[in-house]
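Enquirer: Protein chains in written order, with the numbering used here: chain A, 1 to 447; chain B, 1 to 313.
Just so you know, these hints were derived from the structure itself, not from any lab.
Careful, some of the hints might be misleading.
Quick list of the computed label-pair ranges, beta carbon to beta carbon [to be verified]:
hint : chain 1 : residue 1 : chain 2 : residue 2 : range
1    : A       : GLY192    : B       : LYS24     : 56 to 66 Å
2    : A       : ALA380    : B       : ASN105    : 17 to 27 Å
3    : A       : GLN142    : B       : ASP23     : 56 to 66 Å
4    : B       : LYS164    : A       : GLU434    : 14 to 24 Å
5    : B       : ARG46     : A       : PRO13     : 33 to 43 Å
These stretches of chain A come out as covered by chain B in the derived footprint (C-beta under 8 Å, 3 or more residues) [claimed, not checked]:
hint : stretch
6    : 156-170
7    : 210-216
8    : 237-248
9    : 257-264
10   : 274-288
11   : 292-305
12   : 432-445
Within a straight-line C-alpha distance of at most 30 Å, the following computed DSSO-like cross-link-like pairs (lysine-lysine) qualify [to be verified]:
hint : chain 1 : residue 1 : chain 2 : residue 2
13   : B       : LYS70     : A       : LYS359
14   : A       : LYS237    : B       : LYS307
15   : B       : LYS70     : A       : LYS125
Just so it is clear, CB atoms sit at the ideal spot from N, CA and C, and this is done for glycine as well.
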Amino acid sequence: MALTGVQIFKLLPKTNCKKCGFPTCLAFAMALAQGKADIAKCPDVSEESKKVLGEASAPPIRTFDLGSGAKAVKVGGETVLFRHDKKFFNPCALAINIKDNLSDDELAKKAAEAANSEIERVGQKLRVDAVSVEYASNSSAQYEKAVKLVAEKAPDASIILNCKDAAAAEAAVKAVAARKPLVYGATNENAGAMANIAKTHSVPLCACAQGLEALSALTEKLQGLGVNDIVLDSGAKSAKEIIDHNTQIRRAALRKGFKPLGFPVINFVLRDNSIQEVSIASVAIAKYASIVVLSSIEKWKNLALFTLRQNLYTDPQVPMQVEQKIYKVGEPDAAAPLMITTNFSLTYFIVSGEVENSKVPSFLAVMDCEGLSVLTAWAAGKFTAAKISQFIKDSGIESQVSHKELIIPGQVAILSGALEDKLEGWKITVGPREANAIPTFLKSRTV
Amino acid sequence: MSYVVPKESYNGKVLSLDFGKGDKAAVIGGENTLPFLSFEGDIPNRPVVAYEIQDCPPDDWPETVRNMYKDVSGDPVTWAKHCRNNLNAKAVALRLVSTHPDRDNRSAEDAAKTIKDVLAAIDIPLIILGSNHIEKDAAVLVAAAEAASGYNCIIGKAQEGNYKTIVAAALAHNHKLIAMSELDINLAKQLNILITQMGFDKERLITDPMCSALGYGLEYTYSVMERIRLAGLLQNDATMQPPILGDVGMYVWKIKEVSAPESDVPEWGSIEERGIAWEAVTATSMLVAGTNLLIMRHPKSIEIVEKTIAELF
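Here chain B stands alone, though its shape is the one from the complex (with noise of 0.2 Å):
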């Protein structure tokens, strides 16, 4: 019996999309087949990993990966700045967290000057996400978008509750746009449906089915990505093409596994490669199940993907 490969032929295609400007502008997605499979496909472009910074100090991060950050964490451009010109950063991810009714809620217009202090000091491509207040986000992004404006970043989330300030302000001035639902593929759906229907392109939207860390659901992220990849490739289902979200970081370190003692659970063992190693095997299994984008927080564990990355292409 000879073998023959076993081909599948998809009708659909990810869409790709780019953010950031001049030659340090990232592009991701394009790929016409399942993550990885280029026996069977073209996959133009590798997934990218963000590093995560955040407008504050991240005093509520475990030590493990707040230790990482000491020197430049206490201020966003200083941040920012190490991860561009130290870490070799791709792009970076700016969580406006102090903006948070229970953080310092800090106002729309000091996130706008943030943004714009962030902006003025790099080169790339630059992530800004709210604090995950739904009605603080629509006011908070509405300014980021406008302090950015130009600059082509991808700006986020847009949830059911607050999309339509923020796919409005997204829309005004060029950007690119996160939609995130909570680990439903219908859901994921619906939202990007009506995104599209207030005019804006489905080229410019990335998918957010909600990222959970390993041992904390991560099997729903999981199944949720290669359904949505599925729906998009072999259905050619359009509302399920555009690039996927793993916003693995901020899952990842609030978890025991990654803050607990070594003295308090020996049977665990060292804390510091447990979270690193929790950071990229979420992050890993994210990529097998189809993002394209992804937001971390260790320098160790991002590495590491890229190491894998390479090895995947």
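Bound-form chain A, shown alone (with noise of 0.2 Å):
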């Protein structure tokens, strides 16, 4: 848990010395509490001291990556329990499990998946970040075959050896050590085998345990024996434990400062049915997991997961923005209203889904105003006659339309007529102020 500047002030030698380079213990005990210094600049710090605020100054859950290279995803780092306090900050990673029984074409084809699951959305690029190979096969050399053979079709993801056999494990460690794979993992029995694993090849262990009281003791355990970089499995498998659990090891490591629990977790979600491991999915990426392995990927599967942890992962301060351009609702022909908007997702979201509903096939023109909605971009000056002019006339909507008309929201009514000002030519229509009435504003217009 974070020290305070007067409780960082006590565990200093208090000598005003200035060769940290400020004018007193006090004025350094405060940087060093903002993380604005380093303790080592103390050259008469004890060795004890140093120790007590070199660990209350590490963070709370530790944060390392899954995998190597640029696809690597960062796990753990997260600092709140609830994302309107501050913003949730490394997207949970999605893995799918893969059994190291299947045939090698099998094999190929659930890795291919992984491999090409990528989708846009938003602006941002998403995807199946890892493979699970899990050790079904009781055999070392179809295990460490399977997971080279996993690894060369799904070349960006992560890698998870599903494994808790520690020769097995180490065999395929070898065989993808550049991979740097997760080891999932060392349980009380393997702990020292998996430890060592672990260290030889620098790579990430699971600690596997039932319950948080002997998943607390096994991570101790594993730190002693010198690893530092540790995800959480609690066997947590029904809803009810994921939540559970999930909450108490958040609340253990942010609320209670308790190191033993201050990793990132892991959830497998395995279900019979798909759609019902979508939903339980949901209730992991939810309520805190880091990574969350499945037992398939469809598309559809994908696209829905996706998108819940972009919204969940969004900073709650920053509104999320669309890219500003022209958008076209159905299949506009030339003489198709144009309608214009902010570029605040939310009101592009809300606008264009009813003009959708209205059947009308439209123009949305969107404009970038930093992500404001309509009146606020209004009025902080984004939203603006001469703005808005400039976009109409560089966005080349004037040579798809047959008309010079466009319909402004009802909230801004007031530039209409210094739009028709600036636009010369140009009819400017005020719209509904309320996007729910846009249906009836434009199927009025087509009778």
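Dock chain one against chain two, each of which comes alone in its own frame, and use the hints as you go.
Expert: Set out below in structure tokens:
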């Protein structure tokens, strides 16, 4: 848990020697508390104080990479229980579980599904981040072969070695060591051997136990053996256990500074019914999982889960924005109406949804207003007659429509006069104030 | 370092509310902890899912979900009975869509008759919803409240622009009431205060902070719901303690992701599963954020969500 400036001050030599670059030990302590200074700058601090300060300054939930290279994903590092308090930082990694006893063709096919899972949504590229290869064959040779094949067919995916047999796991780690696989994992029985593998190949290790007491004891044991990059599996399987355990883990780490549980969490949500699995995965994504392992990754499933993850991991302080451009709703012809709004994602979604509901094919001009809604953007001087007319002129829409009529949101009716001055030859029509009146508005124009 | 369960202590509790009558009446709310944290509190009642039906054929629903009801949706009584008898619905939500001036503009008297017929045909609780037209709803819901007198229904939605008449009708005929505001905890609080100031018990109120579909502002609804729950439980804010409604179906089943055929967007996969999953994921997220009552459309999504609810207990 973070120490206050005064708590840190008590651990300093209180000599005010200025060698750290600060005028007093108290000033230095305050800077340390804000993370703006380094304890190493104090020449006289005791080893004991250094240790206390080092532990206190470590983040409450450890962060590290799952996988290696450009497509590695960061796990852990969260600082809040509720997204509205600040934000959730490192989006939960999604993984597919593949059994090693499948035929080579099936292994390759499943791995390729993960490799080709990328979808773009609201400007972000989203994909299945990892493949988990399960040791189901009970044959070390088969396992190593399957891991190699999956790694080759999914060259950018992070790898999870779902194998509690230390000898089989070690052979597989060696085969894909450069990919920095997560070894899943260590139990109370195999902890020594697994810790050795993790240290030797510097790969992260998952601690697997039943319940949070046993899990805490296991991570302490692993840390004692020199393993620092640890993932937690509390054995949670049901939706209830997932919420219950994951909430306790995050609270213990953030509120109590409980180090043995200050690590990212993995949940296996495998279900026979794929849509049921989506629902349970939603519980895990919302409630603090850093890695969620699925049994299948159909396209519709990926789309739903990627979207949920993207929604919950947006920064609540920074509005989501959509790209500035002229969007087509339906298949508008040259006579179709042209409407304009701002690029706040919620504004865009609601307005385009209502235009779609109207079943009147239309052009929707979405203008970059730094993600502000219509009225806010107008008040902030970002949705003005001058800027709108410039955008309309630059957009090239004039050559796509046979008319010169622009429909503006009713909230900014006040702009119509100024716009008619700036956009010479254009007719400005004031649309509805609220989006839900758009269908009526558009339909009434076509009669 | 030994592990101590990090329990939170709450001052407040979510109000419990019953609707319907007889042995099929439903009870929601009553928990004194955040959603599903049974390690630190009591959660006496499970969230309830109501099947959405409407008073005219669902021509504007995408085919995927419309087809599920194609043999029964021509008539609200048949549709309600189908939900009750064949789908094992715990509650039905009847939306009076045809009263909207842009639809059939049917009269309040017509709506009242539909309600009487539906109530006579089912023994499970009924939620009565207007067409979301501020002025028309005021008239329709007054007639609806009277028609359903004695059935302990939930009626809604009362909004800033029409709450006075609707509250008075719910009060006169002993119904529960949905208060809806638009994605803002302060607006939700303000509306609940205005309604209780008219002498309407907060124990009879349901808060609808406005739902939004996955991918279409879900995170706003999610966070508003979480903040309402925290205000009610941690700060014991009595105006933020009514159960929460998630009116999921109507927001989900109008977006592109549930209606675009696979031939148009091959990267999105099967349209059938996509739609069901979209409604199930939206509903599941709302549950985790604090929803006590869901209104949904697709029987398969409802089945999935009910199984998840069972897993959460």
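Enquirer: Decide, hint by hint, whether the structure agrees.
Expert: Evaluation of the provided hints:
1. GLY192(A) / LYS24(B): 56 to 66 Å: 59 Å, holds
2. ALA380(A) / ASN105(B): 17 to 27 Å: Since ALA380(A) and ASN105(B) have Cβ atoms about 40 Å apart, the given range 17 to 27 Å is violated.
3. GLN142(A) / ASP23(B): 56 to 66 Å: 57 Å, holds
4. LYS164(B) / GLU434(A): 14 to 24 Å: 21 Å, holds
5. ARG46(B) / PRO13(A): 33 to 43 Å: 60 Å, violated
6. 156-170: With 0 residues closer than 8 Å to chain B, the stretch 156-170 of chain A misses the three-residue bar; violated.
7. 210-216: Since 3 is at least three, the answer is holds.
8. 237-248: holds (count 7)
9. 257-264: holds (count 4)
10. 274-288: Three-residue rule met by the stretch 274-288 of chain A, so holds; n is 10.
11. 292-305: With 8 residues closer than 8 Å to chain B, the stretch 292-305 of chain A meets the three-residue bar; holds.
12. 432-445: Check passed, 4 qualifying residues.
13. LYS70(B) / LYS359(A): At roughly 22 Å apart (the allowed maximum being 30 Å), LYS359(A) and LYS70(B) satisfy the hint.
14. LYS237(A) / LYS307(B): 14 Å, holds
15. LYS70(B) / LYS125(A): With Cα atoms ~38 Å apart, LYS70(B) and LYS125(A) exceed 30 Å; violated.
In summary, the structure is inconsistent with hints 2, 5, 6 and 15 from the numbered list given earlier, while agreeing with the others.
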